[in-house]
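Protein chains: 2
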Amino acid sequence: MSDDEMITIWMRPERVRRSGPGRRPGYSREQITGVAVRIADAEGVQAATMRRIAAELGTGAMSLYVYVPKRDDLLDLMIDMVMAEVELPDRPGGGWRSDLSLVAHQTRVTGLRHPWLVPLIGSRPTLGPQLLRVNEFALGALDGLGLGIDDITGLVGMLNDYVHGAIRREIGWLEEARRTGLDPERWRRDYVGPYVRQVVEAGTYPLFSRSVLESRTALLTPEERFRHGLDRVLRGIGAQLPTGAPPHTPARPAPDT
Amino acid sequence: MSDDEMITIWMRPERVRRSGPGRRPGYSREQITGVAVRIADAEGVQAATMRRIAAELGTGAMSLYVYVPKRDDLLDLMIDMVMAEVELPDRPGGGWRSDLSLVAHQTRVTGLRHPWLVPLIGSRPTLGPQLLRVNEFALGALDGLGLGIDDITGLVGMLNDYVHGAIRREIGWLEEARRTGLDPERWRRDYVGPYVRQVVEAGTYPLFSRSVLESRTALLTPEERFRHGLDRVLRGIGAQLPTGAPPHTPARPAPDT
DNA sequence: TCCGTTTCCAGTACGTTGTACGTAATTGGA
DNA sequence: TCCAATTACGTACAACGTACTGGAAACGGA
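Chains as they are written, first to last, in the numbering used here: chain A, 1 to 257; chain V, 1001 to 1257.
By construction, these hints were calculated from the structure, which means they are not laboratory data. As the structure is a computational prediction, the values presented were derived from the model and not from experiment. Glycine residues also receive a C-beta, built at the ideal position from the N, C-alpha and C atoms. One should not assume that every hint holds.
[Claimed, not checked] Restraint ranges, calculated between C-beta atoms of paired labels, are given here: (1) V:1034 <-> A:195: 20 to 28 Å; (2) V:1056 <-> A:241: 50 to 58 Å; (3) V:1061 <-> A:43: 23 to 31 Å; (4) V:1056 <-> A:31: 41 to 49 Å; (5) A:215 <-> V:1055: 44 to 52 Å; (6) V:1189 <-> A:195: 44 to 52 Å; (7) V:1072 <-> A:183: 13 to 21 Å; (8) A:109 <-> V:1182: 33 to 41 Å.
Taking the hints into account, I'd like the entire structure generated from these sequences.
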């Protein structure tokens, strides 16, 4: 199977040539990905076009294709690059609750720092090394508590779903606000606000209205709101652990270092 | 505030003119949205271009702009149109567990019927009437059990996060398989398979490897797998209900009919 | 009946996108 | 010194969203 037919980027590592003929590469995957991430952070992922990235590097668009097969692959590389910002110890060991809490909070700050991350990950499932690393840490947090592997993956998946959903709620209409060139606060006030008010006043959805009008958590900081939801999920997880389980001892020896 | 400045489509209802001068409209928002949904179902949302939709209707691309302000608005309309397929009774009343289970399963089949739905909803939060309707039903399922409104929205959010995540996992690489023109099963076997096998054999992520090799739920049907995860979430919700709550009586009178 | 006003239809055109292709430039090894 | 390999990048093409424009159609009032 030739490299050209390798669909996933993770089976097509960057060409590394220590010696031999041919011009020396002037750029790199990591450099290109870094520029793409910076543009996406500032102006949204749709602004990170091949031409724009190349211009930022002072070269032509087609030069990027030496390092990246297609733009879609670059998106996968971007996802994995920012997943590296999720700071975790080599292995879990603080007790399952604080371990999972750490993953959740780290993922949240990363997702807020790069508002395009979670929406993108949602529409393009990828299994880059950094994502696998974070996943492995979360799985490890629940290992050795007497759970089967399927329960572990299920519970971690549930936690992951909450974290992604919460980040999405927190990001909200950020992307669309940017698309229209308005600052997010003004956008919320002038456009989302009137619509929600209209829906509330119409009274068609009474519980939705109550959730807007009588909300107390709306007064909390986003971080506190996130922790409340996280506590709920962690309580749910805790309720499904085998009773009398050891606090955090792994059942298997740690992987070789 | 003129219509031109209304950013959200839900504040710009379709122009309805019962009489007066002017040519009679030959198409409609619903008709256009329907064609777009059909194309997206068959070939992915990126195939539902303005030109393509118009051609399917036997007209020019620019004619669509009489009914839809921008393509992005059409995406919101598509989301809401398929959300209408989530079949629910007028109001909950089967007990919170079966009510929520109903929403979950209905959402799942809808998400599978339109694989672009969940990824799209994830990258573009919208509050169309059909989505509000489904949300209201879910909120109603937990009303009258002694929970505050914030707890209700939190728990419903948690459930919703799981359902969306589960659908995403089930859809998997469907979209990318289609992009490459291969059928999904062949794609999984020839591309995803080798990569996962390589990761597993490298042994870098032992728990991930176990989750692949020792999984028993992988042998279940997707529907059973979904129900298992759903049961976990519902157990988590049940564990957080006030004790001795009435089974399903709403605390407030039903909305006017 | 005719006209003016309003609305819809649709062709043309512009700027932008991803990327296939071809050519020039650069390098190490024979 | 020449060859083979590799990178750099301008050109080109099809397809995209959509602004603009002129023409067609339908009604109310004259």
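Hints and how they fare:
1. Between residue 1034 (chain V) and residue 195 (chain A) the Cβ separation comes to about 24 Å, which falls inside the hinted range of 20 to 28 Å.
2. For the hinted restraint 50 to 58 Å between residue 1056 (chain V) and residue 241 (chain A), the CB-CB distance of approximately 54 Å keeps it satisfied.
3. The given range of 23 to 31 Å is respected by residue 1061 (chain V) and residue 43 (chain A), whose C-beta atoms sit roughly 27 Å from each other.
4. Checked against the hint of 41 to 49 Å, the pair residue 1056 (chain V) and residue 31 (chain A) passes, with Cβ atoms roughly 43 Å apart.
5. Taken as a hint, the range 44 to 52 Å holds for the pair residue 215 (chain A) and residue 1055 (chain V), whose Cβ atoms sit roughly 47 Å apart.
6. For residue 1189 (chain V) and residue 195 (chain A), the hinted distance range of 44 to 52 Å is satisfied, since their beta carbons lie about 46 Å from each other.
7. At about 19 Å, the beta-carbon gap between residue 1072 (chain V) and residue 183 (chain A) stays in the expected band of 13 to 21 Å.
8. Checked against the given bound of 33 to 41 Å, the beta carbons of residue 109 (chain A) and residue 1182 (chain V), roughly 38 Å apart, stay inside it.
Going down the numbered hints, you'll see the structure goes against none, and every one checks out.
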